[in-house]
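Go ahead and model the full structure; you've got the sequences and the hints to work with.
Residue numbering for the sequence shown follows my numbering, starting at 6 and increasing by one per position.
Source of the hints: derived by calculation from the structure; they are not laboratory data. Accuracy of the hints is not assured; some may be wrong.
[To be verified] In silico SDA-like links for lysine to any residue, alpha-carbon gap of 20 angstroms or less:
id: 1; residue 1: Lys259; residue 2: Met242
id: 2; residue 1: Lys56; residue 2: Leu155
id: 3; residue 1: Lys259; residue 2: Leu201
[Stated by the list, open to error] Taking CB as the label site, the calculated pair distances span:
id: 4; residue 1: Ile116; residue 2: Ile300; range: 18 to 26 angstroms
id: 5; residue 1: Ile116; residue 2: Thr186; range: 43 to 51 angstroms
id: 6; residue 1: Gly76; residue 2: Val265; range: 42 to 50 angstroms
Note that beta-carbon positions come from the ideal geometry of N, C-alpha and C, so glycine has one too.
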Amino acid sequence: MKRTNVAVWAVVALVVLYLAWAMIRPMLSALFFGAVVAYAFLPVHRRLSGKVGEFWSSILLASLLLISIVGVAIVAVMTLSDVLSSAYAYTTDVFEWLYSIGLPVSVETSIKNFQVQLLPLLQERLLSYTFSLPGYVIQSLVFLVFMQYLLVNSSEIRRYLRELIPTEERELAEDLVSGITKTLDALVRSWLLLNLFKGLVMTAGLIIFDVTDTGGAIVGGLLTVFFSFIPLFEGWMIWAIAAWVLVRDGFLLKGVLLAVYGFVLVSPLPDYTIRPRLVAKEARLDSTMVLLGMIGGAMAFGIKGIIAGPIIFNLLASLVREWKRLNRRRRSKG
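Following this line, the structure appears as structure tokens:
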């Protein structure tokens, strides 16, 4: 009888877990980004909580993000067609430029085969984004609700996680968590948020200096964010190309001013002035892990993997480093 009851409850539990996963799976991207943003805004939330309380602090931050999301949605509705057209046109221009530089026949043939496969896929993806605004609204709602929930319950969540750690291993676990937290701080605040800021600044610069239309400027900003995630490339590539285009077209002063603007506000100066202030001295980011994480994350999880992959890889590296450090410390004591 007892075995029968256990089997019944096991089946019920499996069914409930399956149904829960089926409901959560479509929201994974929104939940993931909600957790990342909640973590990024946690220091601000703690300062505000001392003045207005945890609940109203979380509501205020969620409201500010709601305004930002509505703004992004309005810009997307107004410029989506231009952005998608610019993205497709720039991709085509890159291939045409490659064909014009006199590559070996075998290399050119390989590039043409790649283009034949890429452009239809790009058209399909761009068309799907055109009809994704309703989904964007729903995902944004899930994102905001989950972010607000994590912020308002951040103290309880922290207490609960602390209670899960066995007392005899608490010192070890706290040291590991401390090292991982520093790495996560560096990844989210100095890597992710700073790169997004660079993209916004680059978009504004392309519009201010009249390099391209709004759609092209947004594409340039997105490319700045993308290249800022890749070691050696960084965001300077976009302002350098834009400045060269202006100089080539006879706008020497605009080109020089854009180069100064990009150097000071996009890359590389912010990497040496702003980024070190945001990263703890003990935190170390492996650029190879960032690149591999982007590639592997995108292959495994889609677009959210571009951000999730580097975080997972660097957290793994941080966990290994802290484990080795603690083992060395234990051996020295012994």
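Now for the hints, and whether the structure bears them out:
With a CA separation close to 17 angstroms, the supplied pair lysine 259 and methionine 242 stays within the 20 angstroms bound. Restraint check for lysine 56 and leucine 155: satisfied, since their Cα atoms lie roughly 19 angstroms apart, inside the 20 angstroms limit. Note on lysine 259 and leucine 201: the hinted pairing is violated, with a Cα-Cα distance of about 24 angstroms set against a maximum of 20 angstroms. Taking the beta carbon of each, isoleucine 116 and isoleucine 300 are about 20 angstroms apart, inside 18 to 26 angstroms as hinted.
For the pair isoleucine 116 and threonine 186, the beta carbons lie near 45 angstroms from each other, so the given range of 43 to 51 angstroms is met. Checked against the hint of 42 to 50 angstroms, the C-beta distance between glycine 76 and valine 265 comes to roughly 28 angstroms, which is inconsistent with it.
Hint compliance for this structure: hints 3, 6 are broken, all remaining hints hold.
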